[in-house]
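Residue numbers (the numbering used here), protein chains in the order written: chain A, 1 to 316; chain B, 1 to 719.
All the given hints hold, so there is nothing to weed out.
Over the 10 Å line for every Cβ pair with chain B, so calculated as not near, a few chain A residues:
hint: 1; residue: Val42
hint: 2; residue: Pro43
hint: 3; residue: Gly59
hint: 4; residue: Lys85
hint: 5; residue: Leu87
hint: 6; residue: Arg92
hint: 7; residue: His99
hint: 8; residue: Pro111
hint: 9; residue: Gly124
hint: 10; residue: Pro147
hint: 11; residue: His187
hint: 12; residue: Gln207
Ranges of calculated distance between the beta carbons of each label pair, as one might list FRET restraints:
hint: 13; chain 1: A; residue 1: Glu225; chain 2: B; residue 2: Gln621; range: 29 to 35 Å
hint: 14; chain 1: A; residue 1: Asp176; chain 2: B; residue 2: Gln647; range: 43 to 49 Å
hint: 15; chain 1: A; residue 1: Ala185; chain 2: B; residue 2: Gln647; range: 51 to 57 Å
SDA-like cross-link-like pairs, simulated, lysine to any residue; straight-line CA separation at most 25 Å:
hint: 16; chain 1: A; residue 1: Lys311; chain 2: B; residue 2: Gln647
hint: 17; chain 1: B; residue 1: Lys220; chain 2: B; residue 2: Ser157
hint: 18; chain 1: A; residue 1: Lys311; chain 2: B; residue 2: Tyr692
hint: 19; chain 1: B; residue 1: Lys644; chain 2: A; residue 2: Asp267
hint: 20; chain 1: A; residue 1: Lys220; chain 2: B; residue 2: Leu698
hint: 21; chain 1: A; residue 1: Lys220; chain 2: B; residue 2: Glu690
hint: 22; chain 1: A; residue 1: Lys311; chain 2: B; residue 2: Glu708
hint: 23; chain 1: A; residue 1: Lys259; chain 2: B; residue 2: Glu700
hint: 24; chain 1: B; residue 1: Lys671; chain 2: A; residue 2: Gln310
hint: 25; chain 1: B; residue 1: Lys654; chain 2: A; residue 2: Asp267
hint: 26; chain 1: A; residue 1: Lys311; chain 2: B; residue 2: Trp639
hint: 27; chain 1: A; residue 1: Lys311; chain 2: B; residue 2: Lys651
hint: 28; chain 1: A; residue 1: Lys259; chain 2: B; residue 2: Trp639
hint: 29; chain 1: A; residue 1: Lys259; chain 2: B; residue 2: Thr680
hint: 30; chain 1: A; residue 1: Lys311; chain 2: B; residue 2: Val701
hint: 31; chain 1: B; residue 1: Lys651; chain 2: A; residue 2: Arg304
hint: 32; chain 1: A; residue 1: Lys311; chain 2: B; residue 2: Ala636
hint: 33; chain 1: B; residue 1: Lys644; chain 2: A; residue 2: Glu217
Calculated directly from the structure, the hints in this document are not laboratory data. Ideal placement from N, C-alpha and C gives every residue a C-beta, glycine not left out.
Residue-level listing of the chains:
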Amino acid sequence: MMNEQVAIILQNIEKVMIGKREVAELSVVALLAGGHVLLEDVPGVGKTMMVRALAKSVGADFKRIQFTPDLLPSDVVGVSIYNPKTLQFEFRQGPIVSHIVLADEINRTSPKTQSALLEAMEEGSVTVDGETIVIPKPFFVMATQNPIEYEGTYPLPEAQLDRFLLKISMGYPTFDEEIEILRRAEHASPIDTLQPVITVAQLYELQRAVKAVHIEENVKTYIVELARQTRQDQYVYLGVSPRASIALMRAAQAYAFMKGRSYVIPDDVQYLMPSVFSHRIILKPEARYEQIEQQEVVRRVLARVAVPTQKAAQYE
Amino acid sequence: MMQPLKRWELLVYYMLVFLILYEWLVPILQLTNTGRIQYFMLFILVAMFCTLMRFPSWLTVSIKVLYIGWFITLTHGGVHLLTKDGLTFLVSEVVFNVGRLVSLDIVNVTNSLRTFLFFMLIWMLMYLIHYWLTVRYSLFYFIVMTIFFIATLDTFSPYDGTWAIVKVLMYGLILTGILFAKRLLSYIPEVMSAPKKIIFVLPMIVCVIGMGAVAYALPKNAPIWPDPVPFIKTVTNGGSGVSKVGYDEDDRQLGGAFEADDTLVFTAQSQGKRYWRIDERDTYTSKGWENSFDTGTIEYVPPKSNLRGSAQPIEDVDIVSITMSTEDPYILSPYGNFLYEYPWNYMVEERVESGYRYSSFIEPEAKAAIPNYRIHVVDEAYSLQQLRDTDMSKYENLDASFDRYLQLPENLPQRVRDLAVDITESVPTAYQKARAIENYFALNGYRYSTSEAAIPGEEDDYVDQFLFETKVGYCDNFSTSMVVLLRSLDIPARWVKGFVTGDAIDESTYAITNNEAHSWVEVYLVGTGWVPFEPTIGFNGDLDIEFDLDTEEQLLEEQALEEPSTPEAPTPQQPNDTETATQSVDIGKWLANMWQKVQWFVYIMLILIVIIVIILYRRRQRWLPNYYIKQANKEALTWQTFDKQYQQLIKQLKYKGLVRQPDETLAAFAKRVDMSLETTEMATLIAAYEQYIYSDQLPEVDFHYLKECWEYLINRTSG
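Hey, can you work out the whole structure from these sequences and the hints?
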């Protein structure tokens, strides 16, 4: 059923993350699809733990950037320093040049620093003083943020949220899960004992395999139709971009791959669409008054578009 | 899985089937004038025995064929099969009939072939029943058809199926119950022993018998609807349906059913019970009555009128008072000597030829009824001497004015004339002949009914149809028949219309409603004049002739009247000699004739077929899966057929109320279906189908397993 290697990663994550199977799966989907994840929730529900568990499982070099209000762009991308011995400026690369980056509490820092991060995510490279440094693949950023209603934050510009493939909410654990969390944390943090289960090369192979997952014409049509419907919804000020359609397709491919299939089915699309689309939709002001949120719009769009159940014409 | 039938179980079923088949055969043989029912039943027994003994099919077939051959040679050839004569007979019959069939001369095949075909029919029926019993475990439709069949025959033919329906219903319910129990038991894994099975079905049998007995014993309401048969006959014969009873001047088309009508026409105060005569008719058209002239001479009648010739007054004057409740202009006449007394501003006019009297209001010259008038009546008695003296020789030199009372249509069937001779040949006088005909109907099983009277078709004669075919009708049938029979013997007779006595309100007052409208007969007896006769069954009370001789002689006379032997009516299905004598049979005519006869049957069958089609269509989700599965078994296992079968399944699920919402994915739908049907197969099927429609390559799948899943699911949808 499940792709074996992916299953091993998920099992490894589950050693430390209790009951967050869905979040783990989505994170892995983003990792496989070569996209980035924005984890959003209140502090303390395990966002950081999730990223650390994932990073440790892959065994890639992992950097963590704790965003603070006084963090500078150069703290992220790197800085050129004058070397008196060589009489030259030498570039010291920042923590962003890494396989897996945890950008913790991204909305606590200033927009200037945020955009440095987002630009690096988008380009896959950093440019300092005219020097461009390509970040090695695979490059996977997991950003976390507190909900924007909290004090002392700089909300990410909505247009820039487009850089994230998925936006995931953690949610609180259930009663039993929380007890289990306590039990595991009683003596030592389990994260310290976590061993990598997959190499960077293997991960790279997986990412390539994901791109080979087939998307039938009818499913592509379905994705496009969903995207178009977001642009026509009465509460939507700005619908999703074609980049969002691509993102949904990539994510669906990764998810299908994770489920051990060589083709995407509409179920994959339906499952991923809230995570892919909801942070890319900009609502009209009146939606706020009517308590309509992006998730709700996505639900409405899903209900409007018919699932393709006919074989695409070319195979008839 | 169904356990195979035990032999003793099959024996029980067969016993019940045998009893039901017996009820099938009895009416068929009775209606087709076939005897020897025991041999046909024996054939059924032989067939059942062969099956029970599980003989190989070659043995069964030979036994049955031998039996049929033996029966045919014995009954049609009168010789045994295994003699030289028998074989010769059989061979000649086969050669002859094959020749007829090859030349499409189906009319002239011999009875041997008909018998043979009938055996074949029984054979097929037996096979069908065996199939229903052993494969379907259900005989319900057969039983329904049997009841329908017997009810139809009971309704439309002389066969009386009252008991047969009760019996078939009981056998049928028991058989259905046992078969249902059999099906029910097949769902439990443990095997029941024979006594246990019997105990299991015993309460059901007791219930059926008990309920049947109670239902039979309970009093039953009369049917809510009147008998539909005359109506159907009327409609199919192109008539106008049921008319209302009442006095009607138009008698050109008689026949058809009547509804009762209680509208009061007039009241009469009279010392005696009287018939009220209005009008007469002289010309019989084979469909009804007309007058031989268009308008009679109108005369004002003298205040006294005597309808009878030389009868003598026997009592004092009875002053009858008539009060009309309707605007009808006719004037009623009693029998006897009478005299009208009415207001001065009215007139009574009479059409001389027909004796039709009507009133008119004198001043505005418009026809109008006299609201009330009185009639002075002196009753009369007849001279028996004179009546006895009406020898047929006296009719030879009648005045030409009687010709119109001897008129008969040219196409009057000969058998009517023959019947008249048959009825009357043993008595010499015209009076006795008239009495013999008058009594004929009551003594020969004719029935009175206002609802079952037929309307004669294009080719039918009204009298002929009543006398020989329907034998049921009301006054018009009886009186017209009597007039026609008498005329065929050259005795002048006319058809009279009016009202009968009516209900007595008190000692001397009678209320006459439309229900009392009636027709009867007047016969011209030489020396006496026109004498009324009442042939209609149930009406002979108030028109008895009083005689002027003493009681002893009267008694003798009456005994003599009863003597005339009543010849048996010729059987209705008398073979038509002329037709068989004809060398070349006109197939076209024959077909047209057959169409005439089976027309209504064909219409009913068409309606039935339409109903069956509608029912089949509405119940298609029940039988379609079987059809689909049979179809699927014939087809190769490919993705194309899989797709087709999948679509069939989706359709079937729709009947079950399981419809995929447009925004629902296949997997979600499969989950819902599996939940609802308590299955897991839908998910398997959908997973394969998803692969078919969303994948770029058609993977190898286990089609056999998929088909099993599909079969299981589609069967679930029919449950």
